[in-house]
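Line by line, the protein sequences give chains A and B.
Take our numbering: the final residue in the first sequence is number 294, and no numbers are missing along the way.
Take our numbering: the final residue in the second sequence is number 71, and no numbers are missing along the way.
What the hints contain is simulated information worked out from the structure, not anything from laboratory work.
Just so it is clear, CB atoms sit at the ideal spot from N, CA and C, and this is done for glycine as well.
Treat the hints loosely; a few may be bogus.
[To be verified] Sample of chain A residues facing chain B (criterion: CB under 10 Å; computed from the structure):
hint	residue
1	F154
2	P155
3	I158
4	A160
5	A167
6	E235
7	L238
8	M239
9	D240
10	G250
11	V252
12	G258
13	C261
14	T266
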Amino acid sequence: MTWLTELPAGETDWERLRALFPSSIDAFDDIQRAAWTRFDPVVLELCRLRMATLLRFGGGLALRSDQARAAGLDEEKIAALASWPTSPLFSAAERACLALAEQFLMDANGVSDELVGDVLKHYSGEECYRLVTALSAFERLQRGCLTLGLTESPESAWLSE
Amino acid sequence: MAPKIPLPNAELTALGTPDTRSLAPEMADAARRYFRESGHLDEVDVVTTELVRIRNARHQTCFL
Numbered sequence: 134m135t136w137l138t139e140l141p142a143g144e145t146d147w148e149r150l151r152a153l154f155p156s157s158i159d160a161f162d163d164i165q166r167a168a169w170t171r172f173d174p175v176v177l178e179l180c181r182l183r184m185a186t187l188l189r190f191g192g193g194l195a196l197r198s199d200q201a202r203a204a205g206l207d208e209e210k211i212a213a214l215a216s217w218p219t220s221p222l223f224s225a226a227e228r229a230c231l232a233l234a235e236q237f238l239m240d241a242n243g244v245s246d247e248l249v250g251d252v253l254k255h256y257s258g259e260e261c262y263r264l265v266t267a268l269s270a271f272e273r274l275q276r277g278c279l280t281l282g283l284t285e286s287p288e289s290a291w292l293s294e
Numbered sequence: 008m009a010p011k012i013p014l015p016n017a018e019l020t021a022l023g024t025p026d027t028r029s030l031a032p033e034m035a036d037a038a039r040r041y042f043r044e045s046g047h048l049d050e051v052d053v054v055t056t057e058l059v060r061i062r063n064a065r066h067q068t069c070f071l
């Protein structure tokens with residue numbers, strides 16, 4: 134339950150926010166949906182969950198992407214996410230993306246040519262750009278929910294599409 | 008500051024930053040709509056909004 138008061142009626146806090154700012158929240162949701170297009174859903178889900186772990190965003194951690202699950206991501210790998218640098222479950226491409234995601238989240242100024250270069254060994258420049266815009270979308274949503282005290286993540290709407 | 012990824016063209020936005028819309032057009036469209044809609048929210052006065060924006064830019068060391 135959010136600490137926001139006097140929100141209009143709605144099934145969830147997110148829907149109550151939407152009732153207050155419909156066009157803004159609709160556009161925000163569209164950004165999140167767009168983030169899941171045209172990039173490896175397994176990598177995106179690993180990054181999303183890693184960011185949620187670091188930010189302690191329980192609402193996001195409780196959810197799973199159907200796209201990623203269908204592409205082969207299982208709970209064993211998710212459980213090993215904290216040890217991605219050394220776990221044999223993670224590919225070099227996934228490690229490069231997770232390293233970039235962690236640095237992006239903690240201090241974007243510290244994103245180095247080397248970090249991006251490691252991603253570019255596995256993905257095109259366009260794909261790298263899509264990854265970064267997705268990371269930005271994930272961060273915006275997670276920090277926003279935490280700031281507003283939204284314990285239930287609105288991500289369920291698009292992670293299960 | 009040099010871009011870390013190859014850019015699709017040499018076009019610049021009105022802010023002088025690389026125009027990357029063609030790299031992820033659906034994301035660019037949604038983001039543009041979001042910022043346009045959010046800009047219409049006037050519950051917070053413009054001075055406070057600008058102070059927060061500048062403070063955040065300094066915190067992120069963003070000089071654009």
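- [ ] Quick one: which hint numbers does this structure break? Sort them smallest to largest.
- [x] 6, 7 and 8
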